[in-house]
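A.B. asks: Listed below are the residues making up each chain.
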Amino acid sequence: MVSKLGPGLENELKKRICSEVEKAVYIIPPELKKRIALAHDNSSGLEKKVLGRIIENIEIASENKISLCQDTGVYEIWVDIGVRSPYNKVNLTRVIEEAVASAHKGGIMRSSMDEIKPVVNFSFSDSSRLDFIMTPRGFGSENYTFLHMMPPESSFESISDRIVEDIKSAGGRPCPPYLVGVGIGGTATKAVELSARALAEMDFEDNSRQENILKRLNNLGVGAGAVGGSHTALGIKIKKFPKHIAGLPLCVRAGCWCNRTRRFRVE
Amino acid sequence: MNDRKLIFPLKDRGVLKRLRVFQEVLIDGVIYTARDRVHSVIESSGGNWPFDLNSNAVYYCGPTGSSGEFPLGSCGPTTSSRMDAWAPGMYERGLAATIGKGPRSPEVVKAIKDAGAVYLMAYGGCGALYGSRVVRADIAAYEDYGPQAVYRMQVDKFPAVVAVDSSGNDMFREKR
Chain G
1 MVSKLGPGLE NELKKRICSE VEKAVYIIPP ELKKRIALAH DNSSGLEKKV
51 LGRIIENIEI ASENKISLCQ DTGVYEIWVD IGVRSPYNKV NLTRVIEEAV
101 ASAHKGGIMR SSMDEIKPVV NFSFSDSSRL DFIMTPRGFG SENYTFLHMM
151 PPESSFESIS DRIVEDIKSA GGRPCPPYLV GVGIGGTATK AVELSARALA
201 EMDFEDNSRQ ENILKRLNNL GVGAGAVGGS HTALGIKIKK FPKHIAGLPL
251 CVRAGCWCNR TRRFRVE
Chain S
1 MNDRKLIFPL KDRGVLKRLR VFQEVLIDGV IYTARDRVHS VIESSGGNWP
51 FDLNSNAVYY CGPTGSSGEF PLGSCGPTTS SRMDAWAPGM YERGLAATIG
101 KGPRSPEVVK AIKDAGAVYL MAYGGCGALY GSRVVRADIA AYEDYGPQAV
151 YRMQVDKFPA VVAVDSSGND MFREKR
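Residue numbers (our numbering), protein chains in the order written: chain G, 1 to 267; chain S, 1 to 176.
So that you can see chain S by itself, here it is in the shape it has in the complex (with noise of 0.2 Å):
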């Protein structure tokens, strides 16, 4: 179980075959935040994602403001099952990488088999800690979403762990 750093946006997808469940990663690069809101309007409105879905990670996120000496305050991740309704097209269409806490369903993990991709389990309730991973952070659109919005945010050490990899390998299945 030997750290691995992971680089967003993917230069190779080839990266992606290489990890495995129970796998701690360290991401470096971009990734961009997206919750219910802006799911449920740009896949009611044809998709269209303000990012290159191939090669881009969405982290499952609303962070509080900046009250301090990092671009943002709390940032950890939120419930990914909310997400699961969106989840299997966004693969489908070539997303490489989701980001959130708790398990999928059963849906969203033959999505990411079929697609090759993964599902990263960030910390749950570790906001501060991914806060002092954010290098920096602005917003890419959906401003008027306040926390909502999509954050892109460039991180650096962002610790998480490998909960779906490409083969459909499911760390929650697992233990269950």
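In isolation and in its complexed conformation, chain G is listed as follows (with noise of 0.2 Å):
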């Protein structure tokens, strides 16, 4: 396929772009919204206060338009490009990295980088299409990342430890109830980059094996706003990649309550 790419459609896709990441930083995504509200339900005492101010927060930042979290982190984008999609010849670093500068400067982001820089990762498709899914990543959570080379034969149960370990270690800093994203394969930078993927595809899927680390997560006590309770982690998601015979890189990453992800597509 042929396009004649002008000027135009490139600054038609930098605004798209744009506003997609401001919304990001105002709008929850609506199956989390949908577990707070159930957290809140099922929760008593200063728990289901602290879980009370975060639907509270919620309703102000969309009614409004004003960030959830005053740090608008850093972002994170994946972007699938279709080889017959007319994006195909632009130069879409640079036309992300621009959109991502020119949201910064409309009023609702926080520059918090000593210079305003995305995270970009590319794959490819046979589609016709860009798909999108970004996360800006805030750092109260983001510095509770966690990186360990594991012996190839680890068993699950030791991962689950693992992860268990590392959460408990925050102590309550990265703003529960949390989100956990887990890469595990790879080599150690693939591990680190599936467990942003994975927080970016929260999709609270009912699977065993995650079900029972959050039960164990939930357990810790930790509680929404770290004040004590049940609720420390309202859900988790692993994403493996192929391992190699002499070592199991592992990532565990928490996310804060506030896990802001969007998805959008370019046809």
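Because the hints were derived from the structure by calculation, they are not lab data. Errors might be hidden in some of the hints.
The calculated SDA-like cross-link candidates involving lysine to any residue, where the alpha carbons are at most 20 Å apart (straight line), are [claimed, not checked]:
id, chain 1, residue 1, chain 2, residue 2
1, G, K65, S, P71
2, G, K117, S, G146
3, G, K105, G, K48
4, G, K15, G, M150
5, G, K105, S, A149
6, G, K105, S, S45
7, G, K65, S, G65
8, S, K157, G, K117
9, G, K48, S, R4
10, G, K48, S, F22
11, G, K23, S, E69
12, G, K65, S, G68
13, G, K65, S, E69
14, G, K105, S, G65
These stretches of chain S come out as covered by chain G in the derived footprint (C-beta under 8 Å, 3 or more residues) [said to hold, decoys possible]:
id, region
15, 59-65
16, 70-81
17, 129-141
18, 158-171
Between beta-carbon pairs, the in silico distance windows are [stated by the list, open to error]:
id, chain 1, residue 1, chain 2, residue 2, range
19, S, S44, G, E157, 43 to 53 Å
20, S, I7, G, S44, 21 to 31 Å
21, G, K215, S, R173, 19 to 29 Å
Backbone N, C-alpha and C define an ideal beta-carbon position, used for all residues, glycine too.
Both chains are given apart, each in its own frame, so use the hints to dock them into the complex.
C.D. replies: Following this line, the structure appears as structure tokens:
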């Protein structure tokens, strides 16, 4: 397919990305919002009060287009590029960087970096579109990212122990109730990337292994706002890559309750 | 666990003695923001804060700008433990309260007890909620630090939880 791509189309793409970047900081994914409401219904005392304040915050943010959290973070973005998309001839790195920088001038975002720059990961597929997944990573939780080079024959039990220990060691700092992203396999680099991608794809999938870890995390008693309670974590997602016979990289990443993510498609 | 109003600057520090851990307070009046850089700069050059420590609260916060009807945008708390190195010295010199999120070190808890002061936990990640409680905001110092400047924030019904009280009770320690 031959497409003429004028500056008009490029600008349109930039505007779209810029608007999605802004929306990602004041609109929370609907499924996460439901989970928070459910946790609120099932809690009591001060923990219930914390969850009530969180719900109030979600409403104020979306009504007034104010960022849910003042830390609008570092943007981690994945783009799957369809080889038949008219955009496959565009310098997407430049367009995305300019779009994110321009969103930071709009007033909703905080300039939290010494120079505004997103972390962008590309992949290719046979489609004719661009698929974006983005997540602004606030550093209250990003600072609680743990990488371990585990023995290759590690049992799922020992991996679970590691995850629970890491989250426990965060000591209630990364704004619970948490979402936990885990990357396993590949290289150290890959495991770290997968853990961020897991948070970006948080889907509360019904999976007994993940549910077991979630149960153990909630038994830690940290609770929403770390005030004590049974809602330490709302969800966990594990993403895997094939592993080397001599080692098993494991990355555990704490995400705050405000796990901002956004997906969109450009046809 | 009755809601209690707390007004800064304090007229009488005696009010701090009556606060207990786990209690939610609603703050009215003026609080000052400061985070890592301002702490580092002021505390390494004599500790001259642009407000009276004895009656005031330091809020660990770096707000977004205003994009709508409120004076600031999102302005929730940042992680307090990053300021743990400077807090004991400031409490020793009379600081009444700090506001932030997450637990404090044992050294900070001791300094709070010795000074008869408090540490208040603001709700983490609730920047929009706090933005809606700011009535007025201006920069008191270090304008060139951007979001790390010292903001003088006038607030109305700003909710926080007493996390370390003047007797040294620590909400976080009691729960672990």
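A.B. asks: All the hints need checking, so say for each whether the structure fits it.
C.D. replies: Tested hints:
1. G/K65 with S/P71: OK: G/K65 and S/P71 at ~14 Å, within 20 Å.
2. G/K117 with S/G146: At roughly 17 Å apart (the allowed maximum being 20 Å), S/G146 and G/K117 satisfy the hint.
3. G/K105 with G/K48: It is violated: about 36 Å lies between the C-alpha atoms, which goes past 20 Å.
4. G/K15 with G/M150: Roughly 43 Å between the alpha carbons, so the hint for G/K15 and G/M150 is violated.
5. G/K105 with S/A149: Distance of about 18 Å is within 20 Å: holds.
6. G/K105 with S/S45: With Cα atoms ~33 Å apart, G/K105 and S/S45 exceed 20 Å; violated.
7. G/K65 with S/G65: OK: G/K65 and S/G65 at ~12 Å, within 20 Å.
8. S/K157 with G/K117: Status violated; Cα separation ~36 Å.
9. G/K48 with S/R4: 18 Å, holds
10. G/K48 with S/F22: 13 Å, holds
11. G/K23 with S/E69: 18 Å, holds
12. G/K65 with S/G68: Measuring from Cα to Cα gives roughly 8 Å; hence the hint holds.
13. G/K65 with S/E69: 10 Å, holds
14. G/K105 with S/G65: Since the Cα atoms of G/K105 and S/G65 sit roughly 10 Å apart, the hinted pair holds (cutoff 20 Å).
15. 59-65: Our answer is that it holds, as 5 residues pass the Cβ test (under 8 Å) against chain G, meeting three.
16. 70-81: Contact hint for the region 70-81 of chain S vs chain G: holds, 8 residues under 8 Å.
17. 129-141: Our answer is that it holds, as 3 residues pass the Cβ test (under 8 Å) against chain G, meeting three.
18. 158-171: The restraint on the region 158-171 of chain S holds, since 3 of its residues have a Cβ under 8 Å from chain G and three suffice.
19. S/S44 with G/E157: 43 to 53 Å: 48 Å, holds
20. S/I7 with G/S44: 21 to 31 Å: Given about 30 Å between the Cβ atoms, the range holds.
21. G/K215 with S/R173: 19 to 29 Å: 25 Å, holds
Checked against the numbered hints given earlier, the structure breaks hints 3, 4, 6 and 8 and satisfies all the rest.
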